[in-house]
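Chemist: Start from chain A and add chain B according to the hints.
Each chain is listed here by its residues.
There are 2 protein chains.
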Amino acid sequence: NISVNTYESSIPFSQMKKNNDGLLPVVVQDYKTKEVLMVAYMNEEAYNKTVETGRMTYYSRSRSKLWLKGETSGHFQYVKSLTIDCDKDTLLARVRQVGPACHTGNPTCFFEETYKKPYDDTNPLTVLDEVYSVIMDRKEHPKE
Amino acid sequence: NISVNTYESSIPFSQMKKNNDGLLPVVVQDYKTKEVLMVAYMNEEAYNKTVETGRMTYYSRSRSKLWLKGETSGHFQYVKSLTIDCDKDTLLARVRQVGPACHTGNPTCFFEETYKKPYDDTNPLTVLDEVYSVIMDRKEHPKE
Chain A
64 NISVNTYESS
74 IPFSQMKKNN
84 DGLLPVVVQD
94 YKTKEVLMVA
104 YMNEEAYNKT
114 VETGRMTYYS
124 RSRSKLWLKG
134 ETSGHFQYVK
144 SLTIDCDKDT
154 LLARVRQVGP
164 ACHTGNPTCF
174 FEETYKKPYD
184 DTNPLTVLDE
194 VYSVIMDRKE
204 HPKE
Chain B
64 NISVNTYESS
74 IPFSQMKKNN
84 DGLLPVVVQD
94 YKTKEVLMVA
104 YMNEEAYNKT
114 VETGRMTYYS
124 RSRSKLWLKG
134 ETSGHFQYVK
144 SLTIDCDKDT
154 LLARVRQVGP
164 ACHTGNPTCF
174 FEETYKKPYD
184 DTNPLTVLDE
194 VYSVIMDRKE
204 HPKE
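Listed in order, the protein sequences are those of chains A and B. To convert a position in the first sequence, counted from 1, into this note's numbering, add 63. To convert a position in the second sequence, counted from 1, into this note's numbering, add 63.
So that you can see chain A by itself, here it is in the shape it has in the complex:
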């Protein structure tokens, strides 16, 4: 006699704020490594499928249809948790990623750095600015 879990969302999709395309952006994060893997979009059907099946399901904007991630590649994403943000207009999905998340074969879709803060940042104005902000904030909100 096996107890089957019921998979339910604590907030219905209708209460989340959609963008101008009627879709909800979803940030996908590896639940173990915490790497950000990709961003995709959901409609109501995709959200409900994701919760029901435990596999990340999106709405493909290019193909204009439901997209079960991994359906052709086998690189499924198993949902660990879904979290909505304070504005209720963006979802964060923590997942177990099978294989690479990116269609290019990269582990994550974010692999092309456009800017990096120089390691040897010797500009005292820049360095002091950052430290000064932290000091000001700690003064107002002391930490033990």
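Among these hints, one or two may not hold up.
If several chains are the same, the list does not tell them apart, and a pair holds so long as it fits within one copy or across any two.
Straight-line alpha carbon distances no greater than 25 angstroms define the calculated SDA-like cross-link-like pairs of lysine to any residue that follow [as the list claims (entries may be wrong)]: (1) LYS128 to GLY168; (2) LYS151 to ARG124; (3) LYS206 to TYR141; (4) LYS180 to PRO88; (5) LYS80 to ASP200; (6) LYS112 to LEU129; (7) LYS143 to ARG201; (8) LYS112 to PRO163; (9) LYS128 to ASN111; (10) LYS97 to CYS165; (11) LYS180 to LEU129; (12) LYS97 to ILE198; (13) LYS151 to VAL197; (14) LYS112 to TRP130.
Honestly, the hints are just simulated from the structure, not real lab data.
Modeler: Chain B in isolation, oriented as in the chain A frame:
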């Protein structure tokens, strides 16, 4: 004689794909803890300001103007790196966050869980499905 770093983007904003509002979504991640803090949007001016100043600057969709994060709260975000995704339509910013990222006082804007995979998942179909996917993927792409 201090060498001042030049802050430049390796890809101009014009080569990134904007959404239907002409904006680029930005996922903001704490560079140390790897927590996803928030998602906001940039126009070209915001992107260039961010790279020039080293402080995350967005385009506020509600106020329809440039928004230096932390300007009123002191909760600045200092840029460590910017990474564009494979589609060039989403940016990942790794930052040093001063204070909480969220206007509610929460460390991150993602604090309301709408779904969590039950810890005591005893449904063998669900458990086997996840393990089976990993086995199939490892068979095709062996790891040493």
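Chemist: So which of those numbered hints doesn't the model satisfy?
Modeler: 5 and 13
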